[in-house]
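Colleague: This is what each chain is made of:
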Amino acid sequence: MGHEWLSLWSFLYGPLAIFLVGLYGLLTQKNLIKMAISINIMDYGVNLFIISLGYVPSAEAPIYTEAVKTYLPVFADPLPQALVLTAIVISVAVTAFILALTIKIHSQYGTTDLTKLGEMEL
Amino acid sequence: MKKVIAFLLFLGLLFFLGTGLEQGLKLGDRNTLAGKAGEAYLKRTVNSADPSASPSRVEYSSETDIEENAANTVTSVVVGYRSFDTLGEVTVLFLAATGVMALFFTSGKRKRLALAKPNFILSVSSGFLLPLIILFGAYVFTHGHLTPGGGFQGGTIIAAAVLLLYMAGNAYKAPSTGLKILEGLSGAGYLLIGLAGLLLTGFFLQNFLPQGRMGALFSAGIIPVVYLLIGLKVSAELSGIVSDYMGED
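Protein sequence lines, in the order shown, are assigned to chains A and B. Residue numbering for the first sequence follows this note's numbering, starting at 1 and increasing by one per position. Residue numbering for the second sequence follows this note's numbering, starting at 1 and increasing by one per position.
One chain only, chain B, in its complex shape (with noise of 0.2 Å):
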């Protein structure tokens, strides 16, 4: 009874919110780009900094010192135009690794986390998987402007062979002081970076590296030095809640 009543008010609210939601949002209307961002910022040229120069259409691989001419837009987005929303979507996530921490510290030595004990495919196969995973790793956050993906998927990655080294021997102990250190220089890279574009160009985190062909790896000024330096911050900061989740030996 008190289920079926649970599921008629999930109902009604669905209803209530979706119905209200439709008329607001006019989803048939507005699905043309024009209909979502703004239109003049659609239209605005990037090859010139003067923003009300007739509209120019981008080409891949032959646009050269374009305004932010990451191939990826998303990133151009992400660690381009919003880099200070990174920068604190970056500290939020090393607040969170330090509060793991510091809960994990307080209890003192806390004995290892009694997993199963890994069997013999998983145990070999590791050897062979790990620096394929590490190489992927490394490959989507240094291509992070390029392809699908970036700093934070790569470091995803990353951290999750370090969970495949945990799962495989029961000796494995990740290097946390290492970890702690790479997390510490990378964040502090991202923020002298940002100290740079102020002291060279007068904005924080403003690109003041040459832009490049469009599609080329070394291309679009900071944006990859900036997703290379969050590629090693998050994979540090997961690997060190990963060890920090096993416990000690």
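Bound-form chain A, shown alone (with noise of 0.2 Å):
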């Protein structure tokens, strides 16, 4: 019970968490440098849950060495690694846009928060 219990925390609702965290924070708050946090933080729950499903019980890392010779039963499933290895890249491109349009704004009106620019007449 213990541990099915500790599992699905780490493999579901963790990261599920995690990604909630982020989606209240871009739905609250204001100032557009936090919203890319949030957005940030929402990557890493679903990147964190993505590599969660090929997790295998006591498998060593999908890599061949001299101490792991051969495969079937030692591997963590490599294909959601794969994948997150893109999602991350993409993540990291998004925020430098993301930053370099916050960069903009600023420049541009002196303020980065939503609610004060909506105020102005642009």
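These are computed hints drawn from the structure, not numbers from a lab. Check each hint, because a few of them may be wrong.
To be verified - Okay, derived cross-link-like pairs now, SDA-like style, lysine to any residue, Cα gap no bigger than 25 Å in a straight line:
#, chain 1, residue 1, chain 2, residue 2
1, A, Lys30, B, Met1
2, A, Lys34, B, Lys173
3, A, Lys34, A, Ser58
4, A, Lys104, B, Leu164
5, B, Lys173, A, His106
6, B, Lys3, A, His106
7, A, Lys34, B, Lys2
8, B, Lys117, B, Lys173
9, A, Lys104, B, Leu132
10, A, Lys116, B, Lys173
11, B, Lys2, A, Gly14
12, B, Lys2, A, Thr112
13, B, Lys3, A, Lys104
Make the complex out of the two chains shown on their own, each in a separate frame, by following the hints.
Modeller: As structure tokens, this is what we get:
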């Protein structure tokens, strides 16, 4: 029971909670930089969830070495790891672009607060 | 009060989504490798071209000329089986870097970002650390098919070295024209390798070099070449983003 509860929390509810914390931040924060951080937190939650789908108990990292010479029973699933590698790079690209837009907005209007930007005559 | 309602909504959504996914995923039953990937895929042979041949066992450092024989299986997936996907990923990174450059370019000459004056320890130790960081980054992306890491990780490490230079000295300016040329050439190199595969074997990004012995530095066909190009491209791109953020002087 205890083991099952722990594995459910680390593989399912933990990543979901991280994702929802990011969603909460995205919906409530007014500052553009805090919104970028919230999007990043959502990314981490999804990545953690996909990685945890590839979990195999007492498995090695999916790399052949001198210590691990053969394959079937000992490796974690490499496919989610490859997909998450792609997702991390995309999230870096998106974050760089969001932050560049934020810097432009700040240099143009002097603020990164969404309510103040909404009140301005643009 | 508002925060309490938000927290209750958060918990409700968590258990709504969680219980729904829990039943669909059956996490407990699928914690074996056979339960995750297709069984036919796992049992197929990699030693012959016929996929219905009897299953084979792969042995590290003795296997020669098997399909996609990078010792790092994740690299086999990323740059071998899903190489076209990685080409798209590199394109997305290129678009983001171009977008950042365009956003900062139109604002004319921007003043350099005012960082705190670097202290003595940082400015002296950056001289020692810089070659080590670049060497480590190059190691990570040239050994991407053997050890953890690869082009994206190694490129990020090298871009961190450029960021260190910016933080350690007020006079440093990254050579942005050279970075753009390096980025363009390595991106074009990736495409040319794909086209060479199309010409020689009939499939885009198909392996056309000898596979070699698994676990050797020169093995796995085009995978190390592609990861070397990706490493150069990502390091040039991320260094360009860093220098765009820092502004002109």
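Colleague: Which numbered conditions among the earlier hints are violated in the structure presented, ordered from lowest to highest?
Modeller: 2, 3, 6, 9, 10, 13
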